[in-house]
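For the first sequence, my numbering gives the first residue as 1, with consecutive numbering after it.
Heads up, some of the hints might be wrong.
[As the list claims (entries may be wrong)] No farther apart than 25 Å at their CA atoms in a straight line, the calculated lysine-lysine pairs in the BS3-like style are these:
1) Lys14 / Lys132
2) Lys162 / Lys236
3) Lys283 / Lys371
4) Lys152 / Lys211
5) Lys66 / Lys371
6) Lys118 / Lys96
7) Lys22 / Lys206
8) Lys132 / Lys118
Hints were generated in silico from the structure; no laboratory data involved.
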Amino acid sequence: RNNFLGWSVAEILKANGYEVIKSCIVNDRGIHICKSMIAWQLFANGATPQSTNTKGDHFVGEYYVKFNDAYKKEVEELIAAGKTKDEAEKEAPIMKATQQMLLDWENGKPDVMELWKKMNGWVYEGFDVTYKMIGSDFDVTYYESKTYLLGKDIVQQGLDKKVFFKKEDGSIWIDLTAEGLDEKIVQRKDGTSVYITQDIGLALQKYEQYKIDQSIYVIGNEQNYHMKVLQLICRKLGMPNADNIFHLSYGMVELTTGKMKSREGTVVDADDLVDEMVATSKKHTEELGKVKDFNDDELKELYNTIGLGAMKFYLLRVDPKKTMVFNPEESIDFHGFTGPFVQYTYARIKSILRKNETGDGGPFATGPLFKLEKDIIVTAEQYPAAIEQACAEHNPSVIANYVFHLAKTFNSFYTEHSIANAETEYKKQLRLKLASLTANIIESGMKLLGIHVPERM
RNA sequence: GGUCCGGUAGCUCAGUUGGAUAGAGCAUCAGCCUUCUAAGCUGAGGGUCAUUGGUUCGAAUCCAAUCCGGAUCACCA
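Using the sequences and the hints, build the whole thing.
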């Protein structure tokens, strides 16, 4: 959802005349990375994504799970040996090894760095495959391994300005109780920075680097508090970018059975989901048998277009702010308020336009219009307003709803009035114009959602 | 407990700068393919807009209280 939202909002901003720079932050360091590394050292026997024929990011993810399994087991054993839960969690050998590895990483220990680079490389390879498949791209990528030290000098300045204060143990904090929040740490007692410190530094760096008017953070609503704190700190420090920070907060996607939890395996993997959607589009297409003359490449492209279109539309048709429910059993429908419905309307119009000669564009005689003809004109005229609203609200669902409404309006007209056998040549040309207009808007609107439209389906 | 977000049809969601009989899709039921692609179209049933009170000529929409659900309040990121 994050990816599709970011993409779509960027397109919508561009459509409103803004210049957009898409950036991505990769969490490529920290304790979670070390967990996978330790588990790989312990259990892999030198296995690689190639040797096991596994996608790189999934491969590394498997070792993250293996770490947690092993860790859990060790903790249970220690508790059985008489330790308290807290002691056991701290003393488990595999956890100690992981923490040591994090220190080694920060000190740049060669063999750790080498392993880190190798495993990260696998993850990136996997991500690349997924990003390419779903049509995602970024102009800038920030790696946390390179930005995690940012913001430390700002902390020092803040201390001088008395925005921050130092506790007896040397840790540095900001007091936000006057704003209804809590005290928040910005630097550990050992002098290392925390998450928010990096964000302060990165926010300023982005601002100085690109002179942006607005910095839009596409982040889940679980971090609403964090983003509030970030903006507040920037404001208190008098940073020039403070008011440019906008948190595009989106709700989580939940399953009918409840929240997705990676540790409990109740997650729907993006790759699996896309595969499933493409397979479903293949099944439907074959059943309908309308494209028997397509060659293999054309078929593959069509299945991707429909499958991805269905998925993206499904995720973008809901207000981003809202938590949404996804039912994996029922899968995503291809009828009604869906991507394929809109794509189908487009393909049908294109078919008409191929089969009917458009006139020389001479002046239209004025004449009475049927209600359904007027409906299309009225709806088409609303498109610019929909784009503006979507932009103002940072909300692609406005476009999804609009495009669906337009497609539905056209379909009603299509069933009621023939274009090829219109009452007069004038009527025919008028209707071809309306059809063409509708197709153009559908194509444009779907593009704003990152969805392709097929010429036939 | 503090802060924030949400509760609209069986399900998933629109609609909230206050305005007429609260709208879609799915699901259910009844129709429509000798005519431009039926992934479509037409119709039916289905609602105490969480509850209560308030403001108003008028409230799903604004205010208050209550109930229910979620997020968050880490020397994790």
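Checklist entry - Which hint numbers doesn't this structure obey? => result 3 and 5
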